[in-house]
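Engineer: Chains as they are written, first to last, in UniProt numbering: chain A, 1 to 390; chain B, 1 to 141; chain C, 1 to 307.
There's no promise every hint is true.
As the list claims (entries may be wrong) - Footprint (simulated), chain B over chain C, 3 or more residues, beta carbon under 8 Å:
hint, stretch
1, 38-51
2, 95-102
3, 121-128
4, 205-215
Unchecked claim - Far from chain A, by Cβ distances over 12 Å, these chain C residues were calculated:
hint, residue
5, GLN249
6, ALA256
7, ASN269
Simulated from the structure, these hints should not be mistaken for laboratory data. From the three backbone atoms N, C-alpha and C, an ideal C-beta is built for every residue, glycine too.
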Amino acid sequence: MSSLSGRTAVAGIGATEFSKESGRSELHLAAEAVFAALDDAGLSPSDVDGMVTYTQDANDEIAVAREVGIGDLSFFSRVHYGGGAACGTVLHAAMAVATGVAEVVVCYRAFNERSGRRFGQPNTRLGGEPSSQGLEMSWHVPYGLITPAAWVAMFARRYMHQYGVTSEDFGRVAVAMRRHASTNPAAWFHGRPITLADHQASKWIVDPLHLLDCCQESDGAVALVVTTEERARDLRRSPAVITAAAQGSGTGQMMMTSYYRDDMTGLPEMGVVGRKLWKESGLSPSEIQTAIIYDHFTPFVLTQLEELGFCERGEAKDFIRNGGIEIDGHLPVNPHGGQLGEAYIHGMNGIAEAVRQIRGTAVNQVAGVQNVLVTAGTGVPTSGLILSQG
Amino acid sequence: MRVVAGSVLPPLTIELTPTVVISTALATRDFTPVHHDPAIAKAQGSKDIFLNILTTMGLVERYVSDWAGPDARFRGIKVKLGVPAYAGDTLTFSGTVATVGENEAVVEVTGSVSLGPHVTASAVIMHGFGESPADLPPPRA
Amino acid sequence: MTELRDHLMALADKAVAAGEGPRQAAPHPVNDVMISHWTEAMGDRNPVYAGPDAVAPPVMIQVWSMEGLSRDPAREFRRPMDDVFDALDEAGYKGVVATNCEHTYHRYLSTGEELTSSTRMVDMVGPKRTALGEGYFVTWNVTWFSGDEPVAEMMFRLLKFQPVVPAEKAKREPYPLRPAVNDDTRFFWDGVQAGELRIQRCGGCGELRHPPGPVCPSCRSAERTHIVASGAGTVYSYVVHHHPPVPGQEPPFVVAVVELPEGVRMVGNIVQCPIEEVYVGMPVRVTYQEMDDELTLPMWAPIPEEA
Chain A
1 MSSLSGRTAV AGIGATEFSK ESGRSELHLA AEAVFAALDD AGLSPSDVDG
51 MVTYTQDAND EIAVAREVGI GDLSFFSRVH YGGGAACGTV LHAAMAVATG
101 VAEVVVCYRA FNERSGRRFG QPNTRLGGEP SSQGLEMSWH VPYGLITPAA
151 WVAMFARRYM HQYGVTSEDF GRVAVAMRRH ASTNPAAWFH GRPITLADHQ
201 ASKWIVDPLH LLDCCQESDG AVALVVTTEE RARDLRRSPA VITAAAQGSG
251 TGQMMMTSYY RDDMTGLPEM GVVGRKLWKE SGLSPSEIQT AIIYDHFTPF
301 VLTQLEELGF CERGEAKDFI RNGGIEIDGH LPVNPHGGQL GEAYIHGMNG
351 IAEAVRQIRG TAVNQVAGVQ NVLVTAGTGV PTSGLILSQG
Chain B
1 MRVVAGSVLP PLTIELTPTV VISTALATRD FTPVHHDPAI AKAQGSKDIF
51 LNILTTMGLV ERYVSDWAGP DARFRGIKVK LGVPAYAGDT LTFSGTVATV
101 GENEAVVEVT GSVSLGPHVT ASAVIMHGFG ESPADLPPPR A
Chain C
1 MTELRDHLMA LADKAVAAGE GPRQAAPHPV NDVMISHWTE AMGDRNPVYA
51 GPDAVAPPVM IQVWSMEGLS RDPAREFRRP MDDVFDALDE AGYKGVVATN
101 CEHTYHRYLS TGEELTSSTR MVDMVGPKRT ALGEGYFVTW NVTWFSGDEP
151 VAEMMFRLLK FQPVVPAEKA KREPYPLRPA VNDDTRFFWD GVQAGELRIQ
201 RCGGCGELRH PPGPVCPSCR SAERTHIVAS GAGTVYSYVV HHHPPVPGQE
251 PPFVVAVVEL PEGVRMVGNI VQCPIEEVYV GMPVRVTYQE MDDELTLPMW
301 APIPEEA
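Next comes chain A alone, as it looks inside the complex (with noise of 0.2 Å):
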């Protein structure tokens, strides 16, 4: 166990509802979120000396501040590579917290992405500039490989071909994550479930991925307040624990597009990730009761599952056509709905989600929940939990 595991906890979730269209500014939402964050902790913003949020995320921590009324920071952070920075922004408060140097910690992420700038839409920009990242990008863009779906679609094709998984086998976990959400009103799609046949019946985005192999793209932000655990035991909410958390970046590591090492069906990013998770908490996948993973794209679902040890390489499908995935299910994977199903808040949804499973109020809550993983964007660097009861 290190030094980290259990000291700190998640104490409060705050969101704004999740549309296509917020009708307000990202900056307005952020302010949103926090407060509801605050609110459900019981602090109030001078409580807060700390803000993490995603490079990505047009709002600057100190407008934040300002919009909220938080006023001395004495710690302030951002975490890159998209998606990825979701669990990070957890793990830099937590480490925060941990070792004094803020008390309590807000992450936060807010965009309209529907409404706004649309990450699937082509940039063509990406491999403009001698930027390290814009020189990776141009092994790729000048080919029209730019777009998201297509980054994921190149290791999709790999995994399909390595280990003879179908498009129904992707298309299962977007039927599960639609069946999920249609049971959860703060949802996009719910009452909105979908069938296989719906999901094959989708036009294809870039094959081997359909349209309903995609998430939905959203407005809204979400916000987390992270402290000590001795102090989020003295507020509002019972605290999720924070177990274990982890950022990851594998050997060859590029943005989305890491084509150019090993055999392209593994995330060996997330490998990292889990191998720390595993390690400073002590637990293993059996006693992981729900996890929240990451759906931007089905594909990286079935890899993840086989990344973070709940099912052998290559076996993800049959796990998942055994319903492992499904609320009653061997592990049920973001009773939420997802970002396929609920929002697609670059993953900080999932986090508070986790947080409901933990406390037991959540709208499809799973039984007996005393451990919750939960992954953040993959195909990048990435980030996760483990967040557990009190």
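Mind docking chains B and C on chain A? Use the hints.
Structural biologist: Coordinates of chains B and C only, in the frame set by chain A:
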């Protein structure tokens, strides 16, 4: 010289210097710019100037003739072209005797460059290879 | 498309039906100067091609009919298939590459012989997809005569093809998906411009690396060289992009990770191949596509079927 089917010709390597590419193109009276003007060759999508087909034919003849000697007479040469033979590359010929008849032999030839096979060819020659020298038709004076 | 094909085929049928074209006199008689020039250039030391009783190398037969540089308008003549070639040019099949040549020699020639030749179109086959682009294979025969005696025959086949990127298109607008280039990657793009697929090779330990970088992760050497890849590859994985629209690309299009025999992987488009025929494991060969006046991209085409 006694030859049997399956006999292998000694290999021949030709460095395709620009001088070789250009002098052979001109000796075959082929003045197409892609065989002597690098800028035009590149503008047309080629890597560099490259051998013309009359030269490829000629080099196949030379390769077989070097081995068969002055008594051999060619009855025919067939070539199929593969990848281009660019200046700066190396052309390596190899060959085997495919069939030997009473006074005719068929020699199969491959000429390869770094990109792969540039030419696959077969040459039919009349020869004096047998036990009793064949009655070669004399060239018409 | 069918209309164009029918039009071209009708012209080809007409040319075939026209049979033997007129006899055309060779510009020079068989002569020792051209023979010695030829043997010298070819490196052919066969003694029968020199001296007072010299015979001409039989393979020179086509050389005797070559018109050379100064095309005398008075000597202009049309072969039976020239109408077909004009129509192919007009339809955009401007590229030309010889694929087959077969000579038959009835006898050797001596200096002083005056030759004539006549041409007969044999057939046209197409359109066929090839590595160079879509095209038609045109075949014709030539017979050479000394006086009225046929002395040699030739079958010649060439491919008239539509170059993959029409020149007009390249001139129009700059391709929008441009790579960033810096000191660490310039050698690669310079190579592409020169028609070479370059792989970075560490000057210290010899390790090959793609994508390249400034420092060798194996031995820390910053001394960089490169090798030129053979151009062969195998599709390791691929995608077919349908949505959303990508500037500069016409969906659906294929992008692949290609594994090179040199041991590195590269990403590029698969071109000159029906999308449904792409598969993991497909052998491919590099081809260069001019995207605009400045940018050329290496892409990958299936290994062509034999003509």
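Engineer: Flag every earlier hint the structure violates by its number, smallest first.
Structural biologist: Checked against the structure, the hints that fail are numbers 3, 4, 5, 6 and 7, while the rest are satisfied.
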